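**Student:** Each chain, written out:
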Amino acid sequence: MPVAETGREPQGLEPGQDPQQQRPERPAEHGARRVLREILSGSALLSVLAVVVSLVIGAILIAVTNPAVIQASGYFFARPGDTVSAVLNAVGGAYGSLFRGGLIDFSAVGFWAGIQPLLRSLGFATPLIAAGLGIAIGFRAGLFNIGGQGQILIGGAVAGWIGFSLPLPGPLHLIAALVGGLLGGALWAAIPGVLKARTGAHEVIVTIMLNYIAFYLLDYFLNTPVLQAPGSNTPVSAPTAPDAVLPQLFGSPVNLGFPLVVLLVLAAAYLLDRSSLGFKLRAVGENASAARTAGIDVKRMTIAAMVISGVFVGFAGAYQVLGQTTSGFSTAFDAGIGFNAITVALLGRSKPWGVFWAGLLFGVFQNGGYTMQAANAVDLNVVSVVQSLIVLFIAAPPLVRAIFRLPAPKGARA
Amino acid sequence: GTAPSATSSSGAASSGAAASSSYLPCIVSDQGGFDDRSFNQLGLEGVKAAASDLGSQFKSVQSATANDYASNIDNLVAQKCNIVVASGFLLVNAVKASAQKSTSTDFAMIDDNSIDLPNVKNVVFNTNEAAFLGGYAAAAYSKTGTVATWGGIAIPPVTIYMDGVAKGVAYYNKQKGKNVKLLGWNADSQKGTFVGNFNDQNKAKTFTTNFLNQGADVIIPVAGSLYQGAGAAIKSSGKTAVLEGVDADVYNTDTSGAKDLILVSILKNISTAAKDVVEQSAKEKTFDNKQYVGDLKNGGVGLSSFHDYESKLPSGLSADLDTIKAGIIDGSIDVSSKAAFTN
Amino acid sequence: MTTLETSTTGAVVGAAGPRRSWRVVWIYGVLTAIALVVLVGFARPGVARFGLATGSDFVQLPEVVLPGLATGIVVALVAIACTVAAVLLRRRDRHQPLWLPVVFAVALVVGLLTWATTGAGQSVPLPGLLGGSLALAVPLIFGALGGVISERVGVVNVAIEGQLLAGAFTGAVVASLTRSLIVGLVAAMVAGMLVSFVLAAFAIKYLVDQVIVGVVLNVLVLGLTNFLYTLVLVPASATLNSPPQFSPIAIPVLSAIPVLGPVLFRQTVIVYLMYLGVVAVTIGLFRTKWGLRLRAVGEHPQAADTVGISVGGTRFWNVSLAGAIAGLGGAYLTLASVPSFTRDVTSGAGFIALAAVIFGQWNPVKATLAALLFGFASNLQNVLGIVGSPVPPDFLLMLPYVVTIFAVAGLVGQVRGPAAAGRPYIKG
Amino acid sequence: MKLELRGITKRFGALTANDHIDLVVTPGEIHCLLGENGAGKSTLMNVLYGLYQADEGEILLDDEVQHFSGPGDAMRAGIGMVHQHFMLVPVFTVAENVMLGHESTKAGGRLDLDAARARVREISDRFGFDVDPDARIEDLPVGVQQRVEIIKALSRNAGVLVFDEPTAVLTPQETDELIGIMKQLRDSGTAIVFITHKLREVREVADRITVIRLGQVVGEAEPTASNAELASLMVGRAVELTVDKTPARPGADALVLDDVHVYDLNGVPVVDGVSLTVRAGEILAIAGVQGNGQTELTEAIFGLQPQVTGRIVLDGEELTGRTVRQVLDAGAGFVPEDRQHDGLVPEFTIAENLMLDRADGEPFVRLGALRLKDLAAFAQERLRRFDIRAQGIGTRVGRLSGGNQQKVVLARELSRELRLFVAAQPTRGLDVGSIEFVHEQIVATRDAGVPVIVVSTELDEVVALADRIAVMYRGRVVGVVPADTPRDVLGLMMAGEAPQAVAA
Ligand SMILES: Nc1ncnc2c1ncn2[C@@H]1O[C@H](COP(=O)(O)OP(=O)(O)OP(=O)(O)O)[C@@H](O)[C@H]1O
Ligand SMILES: Nc1ncnc2c1ncn2[C@@H]1O[C@H](COP(=O)(O)OP(=O)(O)OP(=O)(O)O)[C@@H](O)[C@H]1O
Ligand SMILES: [Mg+2]
Ligand SMILES: [Mg+2]
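Protein chains in written order, with the working numbering: chain A, 42 to 455; chain B, 3 to 345; chain C, 1035 to 1462; chain D, 39 to 542.
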């Protein structure tokens, strides 16, 4: 017999067994629960540490530019203690204010007063979450929508125009303005979608260009009676009519926008995880040619993804003029949300609940930043530095592990 | 943890002088920031000057985006500021909202007069009056018979200058029977040249070069620090041309080496106004909401000294300017601008 | 670990390859028809005048005076000829040579300029128009060169804006402190490189999605420079923010060429470096060992790995090089154009450069042309505005952006970037 | 050059892909490595080539211990590899690919392309390859690309040459040529390691055979061993190697192609007037060398080609000009030839991939919402029925081996009510066990009365499955012949000879 058995039985795994020991996927798991699980799993520690590293770098910036620290460091070798305490004062004061202004004010009397800062932070988080969801949906469909700024401007302008010019009654006015905002964002996002589907024009270029075009278009209309407040000569629109303003909830600083954006998160989660449309969008995003072969209309999905993305971003625009700057808007009401939303989407890993928490974090930082600036004269740019560092560090767990000399997790790839 | 108390002296990148007054003046910028070499910077200077006169601390916060206005103002109020100076018309809505809530805080609203509240003092400037003089001076100084103005973005605090300049040039032509051309702004159609922002120095330089190529030898950039780009354009063109500054006396504030190009500056004395309002609020504790209008008459706007160019001016220009100034003050010369404040 | 599992900027999904086919021909046709209608049908009476000379020219050329209608007719004829050529080439399945669209575009631009300025009082100084276009394009070109190198080696570079800004800031500060332009220039390159280091380290070592890093770096650099500008530079601008300035150097003979000479050859060292850069990167990419390896790593990292080329190392150093080049673009802003740093002085140039990279199909020469087109459109709107144009300024300001969209949608269409751009390389 | 591997062990996390493997290959020997998918063959070769670092064991060349920290070291030591997936840069020319990594340069670092061209020509001439040094790789047929790979290895004077599944994408002729080349190399003293799943090739060319199963050497075999013996050694059980099928009972004409032309983007016809008829309950195999229009033809049927003329009719219903969706809805099932690129979304789970082509309506979608419970139940059933080896339906498809990936595609396509089934290269790269399964499924589909088209470059497969065989060459059908047509006739037809001429 020409075949020689070695007689050894292989000791490997059974053929059916997956060697990777991966966590079982539970696609049907509820969004919030999954987020909770993700936080509680090992990566939560790393995320916290990432925030810590970023805050430390921010603290260095604060300390080295603080006048008291600079003064004390002038005689560092005589009295090093002064420098140390000046640093602690500067950093502690700044971050104390950040916390007090963004999250909870323990010095305030009573629970309700204490959480006012957090509630205000929700207001800043709301548009970030909405726009972040829009960008994330684009990402999931393989599209990089840098056009948030333009979509916010157009969506907000439409919402604002409806909000101050149409004589609609009561809640209908708010609804119409909101819907107008969503449509405006969708329309502006549809342009790159259609151009990509029809001509293959790269959405990155087109969305960048459309940001500028939206800005100048808005500027033009703010200088014409279309948007300009009557009797005014400044390029600022008329104030939003009271019944088109998102109502405050229970006398708190939170307005209806926040519950609506939670609904948007649910809608995005449903869209991506549970709906046929979302499935097709994801398929196109992951492998367009396989999607095409499976009968999915890639071009239509490209347009759909951009339109949906624009709807979410448009909500952010509508929120800005119906909830944030309700007394008339200028060309700057996008407030950088279009670009921050990209960061939020990235930090949230393009998952709806991830975007939600990322937006919340950014909202807290933003709101706390104001107090930090007012109370401690710390420049607001520190906040954007810290925010961007957080995204970088969270994206690179090995780096954070290296910084804190944590062991690599078991089963990491060679 | 426990935060330092709100009014602690840790605030303000400030005078450093020991506080002898507990009065706290504060200022919030618009998106230009306090280093805009323009109205934010001037407002801050005014507040600083007032604080040092009063022997008090002060606080200043910058806004980076439109989202920041309301929160910045609210936080200043929370920091127990006695007066909040709001620098720029973009803040008007935030000021209005905050002033309604915080009736015990005084507000100074610069460059807008639409708020009518007891604790808000509007501070506006008839910049067109001074710009008229600037335009006249430019036309008179020009050797080529062409002068130019351009703006950052088309907003009233910018176009009011450009209107004034246009009127001043036209007045010169009428008076002297000349035909000096103004490029970059048409006061009738309200169309002209804008860079599109207040940051892009390279574009400012290029655009100025285009004006120089068209023969302009007096350039009036109305765009904060972008005058630096204009100065660089003149220097690298090798042509003999000059700049007019706006807002501050740029001859004094410039650090970019454009000083020797500054023919004259069209002043908008925001710092004086801000200082006065703060001190009024602080000293007398009797704050009135009567609108402050800075004009040629009260010195709120005006022309700076011609500094190095004093000796190179066409003869009679100084006298002409004085006459015109009187004419504007007594109303016999029309300087109206579509961007001007109406009451 | 990556959020964006899909290829984004770099690798454009192309079910079909370059699908230029008849579309380009159609565009020629449509544009020609428009030219015919506008330039001939709506010809305006009078003449357009173009100045050819700059003040300091050696030979003073006279003004060119073009009659509106006649020029319109000539331009229309040239456009028709180009269209016919395009049709014929397409019929014979021949590649469209680069000169064809260039001739076509030049003709249309001449037509447009003539039409728009016919009857205007002012003459249009051509050298000024072109020189301004170049000045606006320089930072874009540096940024685009950096982008091309980075993406060609397989790392999507969204951080061009940050690299430009870091270069501008550092160049200004270091040159102010040392009073040396060369040191400032080197410092700007180092700063751009540092931004790239972060991009490279996160993208290559930590396998973080390259787009994430790029986007975040832009925010980070903007925040940092704003912060330092306000707190450090402004209070001490005499020592920290008053750099010396590069002065233009006229290249003997070349700068005497009429019209183009002064535009191209009376420039600062940085611009000459840019010319060199475009040539060197082009030759380097396509003719040298460096370029071959670089492109191999960007197209098929595994293949490069299997022949012993270190993928990570190649990416790392070339991304750093890209950052250094972009840093030069930043230095142009603060050491050559206007000698001081102001906040956000790049104001979006990096994003336009990114667009130029894609628009230029990851080719250094084409990306340079794309940047020049953008600079030209920006400057054209200004010149038209000065000469007197009936269009509101806001719409003129939109012009370069609209032109870019039309160009990308109409002429370029689906482009294919380096196959592996955006994808981290994991061995095995 | 003599190669010796001693006790090579390579672990990926918990998995031991290579478990103390010993292997000796002497100069002038072709050593075949056999083993089913995932046995660890490629891993072993990647260790040898320096792409992976072994956890234990050592590599010896001519009895000297080597330390490779990367492929560069291995290449310098004289090891060349023709990879399973070609390691060629598609947009480079042949010469550029060959010189990559050891470029000769002129002054200033400029490439000396002439030297590279000369090197390519020299090696081409030596082995009778017909390779244009200036052709771009992406324009070349697969067979030629493989020659480029070989030239690449030889241009570095490799003393040990590894071929990892080189024949998976080749035609019989090309395979024969490759085997000829390997023999030529062997005779010139090269040590060759040859990995393949095709037992016929093994017996034809091997001097020695080593069988690997689950990361361990389970035995050695002589080239004279029978297919059945080799197969059972590989898989660890007896394998049915011939397709067990009853004669076809064809019904009415189902799919009719009438003068179908497909044009590429430059307007060049790639399918040039094809007319074919497939009857219900028969398998029409389309044979041919890769790149003769088979891909485009199948894609044309499914609406995946932009420019198609002629008529495609299924059961009297016109399919021409329909969208992919409409064709699928008409009851057509499709196994595309590149499963990773066109058949599957690697990041999706098995379950998600199983509903990929039914994302619009029943049974998995109602009112725009996914019905995840139904999908899960369906996926479980498919998993069991198609014996897909995975931890569960939530496993990402990208983590499956090729054979299991192919089963997912089959499981999806064969779960609808079909009126037409088209399978392109259905067993490419699969091991014998998987091939057996796939073939059974295809035959079962036919027996259910469905018209089936199988496109294959694999003559064994064509002969085993077909009821009739159509051979394509340069976009045309050279002829349609019975299943029992001799292999040499088919081979000649694949080279473009008309069947009459061949028969004559
Ligand atoms: N990079 C990797 N990471 C983790 N596991 C791997 C990796 N590469 C291979 N494996 C595992 O090693 C085992 C051996 O794989 P290998 O590719 O060597 O098989 P093979 O014998 O070449 O199979 P085939 O015949 O299909 O080519 C597989 O079970 C696979 O799970
Ligand atoms: N990055 C990876 N992580 C985990 N497992 C991997 C990875 N890459 C490959 N594998 C495993 O390696 C095995 C073989 O993968 P490979 O791509 O080599 O397929 P293959 O050997 O060609 O299979 P086939 O011969 O069936 O086509 C698969 O089982 C897969 O699970
Ligand atoms: Mg293998
Ligand atoms: Mg395999």
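A few of these clues could be false.
Unchecked claim - Here are the computed lysine to aspartate or glutamate pairs in the EDC-like style, where the Cα-Cα straight-line distance is at most 20 Å:
1. K299(B) - D322(B)
2. K40(D) - E102(D)
3. K144(D) - E102(D)
4. K236(D) - D526(D)
5. K411(D) - D314(A)
6. K327(B) - D297(B)
7. K236(D) - D398(D)
8. K82(B) - D314(A)
9. K340(A) - D245(D)
10. K237(B) - D278(B)
11. K285(B) - D262(B)
12. K283(D) - E478(D)
13. K1323(C) - D150(D)
14. K283(D) - E67(D)
15. K1323(C) - D522(D)
16. K176(B) - D190(B)
17. K1323(C) - D526(D)
18. K221(D) - D245(D)
19. K145(B) - D322(B)
20. K1323(C) - D152(D)
21. K180(B) - D297(B)
Don't read these hints as lab results, they were simulated from the structure. All values reported here derive from a predicted model rather than from experimental measurement.
**Student:** Which of the stated hints cannot be reconciled with the structure, identified by number in ascending sequence?
**Tutor:** 3, 7, 8, 9, 10, 11, 14, 15, 17 and 21
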